[in-house]
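Let chain A serve as the given structure and place chain B on it in line with the hints.
There are 2 protein chains.
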Amino acid sequence: MKTRGVLVIADGLGDRPILELKGKTPLETANTPNLDRLACGGIVGLVDPYAPGVPCGTDVGTLCALGYDPFKYYKGRGPIEALGAGLQLEAGDVAFRCNFATIDEKGLVVDRRAGRIREGTSELASSLNKIYLSEDTVAFFAAGTEHRAVLVLRGPGLSPAVSDSDPGTACEGRPMRKVYPLDNTPEAAKTARLLQKFLDIAKEKLRAHPVNLAREAAGLPPANAVLTRGAGIVTTIPLLAELYKGLKGALIAGENTVLAIGRMVGLEVFSGEGITGSYNFDPVVKARLALELIKRFDLVIIHVKAGDLAGHDGRWDLKIEVAEKLDLLVGSLLDGLQAGVHVAITGDHSTPCSVRDHSGDPVPAAIWGPAVRSDLQTHFGERSCAGGGLGRITGSAFFNVLMDLMGFTSKLGA
Amino acid sequence: MKTRGVLVIADGLGDRPILELKGKTPLETANTPNLDRLACGGIVGLVDPYAPGVPCGTDVGTLCALGYDPFKYYKGRGPIEALGAGLQLEAGDVAFRCNFATIDEKGLVVDRRAGRIREGTSELASSLNKIYLSEDTVAFFAAGTEHRAVLVLRGPGLSPAVSDSDPGTACEGRPMRKVYPLDNTPEAAKTARLLQKFLDIAKEKLRAHPVNLAREAAGLPPANAVLTRGAGIVTTIPLLAELYKGLKGALIAGENTVLAIGRMVGLEVFSGEGITGSYNFDPVVKARLALELIKRFDLVIIHVKAGDLAGHDGRWDLKIEVAEKLDLLVGSLLDGLQAGVHVAITGDHSTPCSVRDHSGDPVPAAIWGPAVRSDLQTHFGERSCAGGGLGRITGSAFFNVLMDLMGFTSKLGA
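For the record, the sequence lines run as chains A and B. Counting from 1, one number per residue, gives the positions in the first sequence under full-length UniProt numbering. Counting from 1, one number per residue, gives the positions in the second sequence under full-length UniProt numbering.
In isolation and in its complexed conformation, chain A is listed as follows:
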C-alpha cells in the first residue's frame, strides 16, 4: 500500500559543540517540542549526506538527500545553475557558471562582479543569447541573481574539459584567463575554441550595450566581460517518478540551486511569498502550502535554507532561532496532516557555527508515521539521534528508506 509523505530538508542542519552553549549544539539548545514529538513517536538516526567525514556542497548534498549517487549524476555546477536560471537543457550540452565582470582597456579584471550589478542584467543577457558560434554550435545565455549568469553551449562533440576564464577570487587586477582544453580530445579543443570565441563576442557586444553606457554615465562599473567557471556536461538523470513507481513529487524552496535540482529530477517546484531562502522565511506559510499540496502529490519536500546561513555566519544564536522556526513548521505539519502520512526530516550537510562552512559531520534525521518501527529516543538532536533506530546511514539510503516506508520501492530479485 502506498502512503503519502512530507520530507523536510534542513540545509546546514547539524552542528558541533559550542562552548557558550555549555558544549551543546544549537539544535540541542533550542526549544523544539514538535521535533521532539517526531523523535518520540518516530525513528531517528544519523545521516552522512555522502559518506562519513565528507563535507558536501548544497548541490551534492541535495542530490544525495533525493536518493541519487552524486558520482554518477553530478557533472559540475554549471548544469545545475543553468537549470536554476530557467534554461531548458539537453543531454550533451556543456554549461558554465558565469559572472558579469568589469575589465579595463588593457583587459585586466577590475571587478569580478561588475559592482554587484542588479539592474539591467536581463537586457545584457538577451544580447548574448542564441549566438551561433559555428555552423553546428549555438550559445544560450541567461541572467541569474545579481552579477551571476549562465552560459550553455549546444552542439555535437562538446566537452566540459576546458579551463575557467575566471581568474578567481583575490585575482582582481590580473587579466581574464584565455580558455584552453584540459585534455587531448578533439571535443575539448573544439569547446575551448568556441568558448573563447563567445567570450570575445561578448566583450564586443557588452562594450556598446545601452545598459553599460548608462552605467558608465552614472559612474558605475560597466558589465563589459563574462567570466566562466564550473563547466559541466548535461547528462540524463532518471526522474524520481521513474525510480520510485511513478512518485509524484512537489518541492517548496526559495533557493535557486535546490529549485534547479528539483526540476532536474522531475519535482514540481513551488516558490513565492514567504518561501525565501533567507532568515525571514515563514514556517507557517511553508507548512500550509505543504498541507495543500499533499492533497495532490505523493511526496512534498520542504527545503529550509536558513540554518546553513546561520552556520556560515557563525551565529549560533540565529541557528537556535532557525531550529525553533523549523520546529514550528513541523508542528504545523503534525497538527494539520491526516493520519497515515509520513513526516521525515534530514539535512543536506552540517554547517557548524565553529567551522563557518560545510563539514563532514553527519546530520540528525527522523521519520515519523504509521509504518515506522519507533525507537527509544525522545529528543531530536545530534547526540540523541546517534543512538536511534535508523543507525548511521547515507543520505541516499535515508531517502530510499522513506520511499520504502511509503510503499514506492520495487523488489530487487523475485
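Source of the hints: derived by calculation from the structure; they are not laboratory data. Hints are not guaranteed to be accurate.
Given that identical chains are not distinguished, each listed pair holds provided it fits within a single copy or across any two copies.
Unchecked claim - When the alpha-carbon atoms are kept at most 25 angstroms apart in a straight line, the in silico SDA-like pairs for lysine to any residue are as follows:
#1 Lys411 with Ile18
#2 Lys205 with Ala241
#3 Lys22 with Val285
#4 Lys2 with Ala397
#5 Lys22 with Arg174
Using the frame of chain A, we list chain B on its own:
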C-alpha cells in the same frame, strides 16, 4: 580552522569473549582509566577496517586506517615489503617477497628458511643486487629481517601475473616451483621468463658464496636458493598531503610493513630505541616523541604492534598487559598535549586470542577533542563502543572523520 591530531593505531586491537575472563575481552578486563577518559569526553564507535566480517592483513588494514581504498591501491605485499627493506621503487616495478632457502643437490627444498639464517644475509643479498636480466630489465635485491628478502624487477612491460616459486609452508621436501605466467599477456610471459632466469642465476651465485661455504663448514644449512611469492606491481598512490589539504604527518612505529606504508603515503617515519614492534615497546617513549613531533606536524600517528602479537600467541594475559601499556601511552598524551589537539585511537584489525589470527570483528575506536560531539559512553571496550555516537563505520571513513574534525577535508560539490 585547522587543528592538530594524534592517532594511535593499535595493531590487533579488538578481541572476542574469553571464558577465563568470564566472557569479557582482554580490553574490557584491563584497567584503562585513560582510555576511559578518552571514551568519556569523546565519541566512540566500532570500526570495520575494510568491511564487516572481512579480516584484513596489517598491510591492508593500515592502508584503510589511513583513509585509502585497498582495492584501488593495494597491489600485493611485494611492493610494501620492498619499501620496508629500504628499496626505492618506481611505478611499473614488479616486487616480490623472498625467502633465502636451502635446497639439496636434487633441487628439493630442505628448509624454506635456510635455518632461519640471521648472519651474512646482507652479503648474500649484495651478490644478487643489480643483475641485468636482459637489455632492458634489471633485478634489485635486498635482505630483510632473518631469512627474508625482497626482489624488484625494473624494466618496460612487466606484470605481477606470475606464479610463486615458493612451494609454500608444509611443502618441504618438494622441488622449488618453476615460475609460469598467470595470464596470456606478453608482459606476464616476459616477467616469468626473466624471474626464472634470476632464480637460476641466484642458485649459481649463492652456491659458491663465501657466507654459504662458511655455513656448510659449520654444519649449518646454506642459503643456496631464493623463493619468491607475493608479486605486486608498483603503482602511484596519492600522498596524504595531496588528499588532505597539505597535511604534514609523522609516523612512530617499529614494524617494517607499517613503516613502509607510512613512507609510501608521504609520512615522515620515526623509529628507534623503545619504539619496537614487540612486547617490550616503551609507551612513555612513544608518547614523549609524539608530544615533541606534534609541535611541527599536523598529524602524528603512533603504531603499537604488541596487541597483535599477543593475539597470535593466544595470550590473553599479555593482551591485557598491552592494553594497560596502551592506556599509559594515551594517558601521557592527554596529560602532555595542549588544548585543542584531537586524539584518536583505532586498530588495523582484530586479532582475537581464541582465533590466534586476524578476524573480521570490528575494532573499538574513539576520537576526543574540541570539535567532537561526545556521546554517553564512558568506557573504552568492544561492547561499549558498539553503543557509541560514531556508530559503525569503515577504517577509511574513520580517518576521513578525523581529518574533517581537524579541518583537512575539501568540499564535494559547491
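Evaluated hints:
1. Taking CA atoms no more than 25 angstroms apart as the test, Lys411 paired with Ile18 passes between copies only; the shortest distance there is 22 angstroms, against 44 angstroms inside one copy.
2. Within a single copy, Lys205 and Ala241 get their C-alpha atoms no closer than 43 angstroms, and across copies no closer than 45 angstroms, so neither meets the 25 angstroms cut-off.
3. When the C-alpha separation of Lys22 and Val285 is checked against a cutoff of 25 angstroms, the pair qualifies neither within a copy, at 34 angstroms, nor between copies, at 36 angstroms.
4. When the C-alpha separation of Lys2 and Ala397 is checked against a cutoff of 25 angstroms, the pair qualifies only within one copy, where the shortest distance is 19 angstroms, while the shortest distance between copies is 31 angstroms.
5. For the homomeric pair Lys22 and Arg174, neither the shortest alpha-carbon distance inside one copy (46 angstroms) nor that between copies (71 angstroms) is at most 25 angstroms.
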